[in-house]
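Build the full structure now, drawing on both the sequences and the hints.
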Amino acid sequence: MVEQISVFIDNRPGRLAELCNIIGKNGVDIRALQLVEAGEFGLVRMITDNNEKATKLLKDAGMSFRKGEVLGVLMDDRPGSMGLIASILSEASINIEYAYAFITKIEKKAILILKVSDLKKSIDVLKSSGVSILENI
Amino acid sequence: MQKKIEEIRKSQGKLLVKNVKYSWDNIPYYKQKMKEAGLKPEDIKGLEDIHKLPFLSKADLRYHYPYGLIATPLDNVVRFHSSSGTTGIPTVVPYTKRDIELWAELNKRCLETVGATHKDIVQVSYGYGLFTGGLGLHYGAERLGAAVIPTSSGNTMRQIKILKDMKTTTLACTPSYALMLSEVIKSNEMKVDELSLKRGVFGAEPWSENMRKRIEKGLGLEAFDIYGLTELCGPGVGIECSEHNGLHTWSDHFIVETIDKDGNKTDVDGEGKGELVFTTLQREAMPVLRYRTKDLSWITWEECACGLLHPRIGRITGRSDDMLIVRGVNVFPSQIEEVLMELKGVGDHYQIIVDRDILDKLMIKVEVTNEIFSDSISELISLEKEIKKRLFEMLSLSVDVELVEPGQIPRPEGKAKRVIDLRKDM
Ligand SMILES: [Zn+2]
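First to last, the protein sequences are chains U and C.
Its first residue numbered 1, the first sequence is counted upward by one per residue in UniProt numbering.
Its first residue numbered 1, the second sequence is counted upward by one per residue in UniProt numbering.
Hints were generated in silico from the structure; no laboratory data involved.
Distance condition first, Cα-Cα at most 25 Å in a straight line; then the derived SDA-like pairs of lysine to any residue: (1) C:K365 - U:P13; (2) C:K294 - C:E36; (3) U:K120 - C:S376.
Shown next as structure tokens:
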């Protein structure tokens, strides 16, 4: 399981960069990030190397955010990997609410972040299919 | 001239004395209010005694919803209208047959004042129904002998086709609707000289000189401001003459006063500035004595170049309360707050923005606090929708709702500025 921070932002030019600066300039590394837009506002989901510090910085900046647990999966960086994981979960009747992927320093490996309807069950089924689950990133 | 005005004011006094007695005899609440003020009908001997009478407020009317202030048996009532008040309890206004006739007469006079005759074609694009705008102008124009086209509001393309094909000469609607018609005409590459419009009678919401210029240019007509309140009958209480320097109010039907915010009379011999207070002189079903309009303006009996001796009020410059008029609907910020407060965490930081992009727009910005924050876009969108839905149910107005980051709503001196009315600069 991986800890993710979701932040509410106004959907206007430059705002995402400002958010990244709030965190990045203070020595916290954003490992993965996803922006979802919905008209006038947006949601930024991110995974950092120091969530405690990141949330403190967000709090000081007066932003609305939430910490939550998501599933982090290490997969091969090749076509079909993501589909495989999706089908394992679907066979176990687990819904994927959203997912985003990013590549890592480990060669030929990518990390997939998943928000699923049943976290514990997902870990079980993926582990039994031989998929590596990340504890942290 | 001064002598004539004195005569008019004297006859206003006579009508007032009669009306006070009539109200005392027929409306228990008036009798009670006057008794509480230590008054008997005979204490009101003329216009100079009017300040003794207690005020009547919108809250009084609501409190007596629906029939509490009717002076005649319901048998004699032939019509009801209702104000667009939106605090849950509307204001119901009854009319006898005579009230309807007199109301038609007032609107006829208004149309005459702006130069309309029986030869004119009058398109009434005010809403018809509980709202008084449509039927008020309709009856007035018919009484004048003009040809009425009762289009009511909406269906803009059809309105324009009728304006053009039927050679409408006189248009009656809200100023924002008039502006919208002109913009649509322009965007359809129609020319103003394809229309036969000579004049427009626009009211039911405040509008500026700037807007007057835009409407006049866009529709090729002379624009006149008309004033009215459902509580007094509807449109037809006051009308601008060709001087465009105030609205004549019909002195044989209404007494106009001004007061300050504490209720002290500020007009001397009929001249003054402040909140307008109206007393009806001829209404049967629901006479009102010293009704506080909350509209800020001025009154004068000064001679008008047009020759009418009826006193003038200025165009409404503001409100003594925080009521907003949006697309003809009365909106109190407190109503919006009430709706927002029902949703946990929503009402803490919000801002109401009123703008005019042809039509009035009402927008509510709501700060997304940690309390209402969700990691799910669909949950945030349904929150937005829920706020919209509840506001619509309360106000009968569609409202734009925008979720914003915390801290986006300025808090001068620590207190949020809740209402921004951008229309004032237009
Ligand atoms: Zn005049």
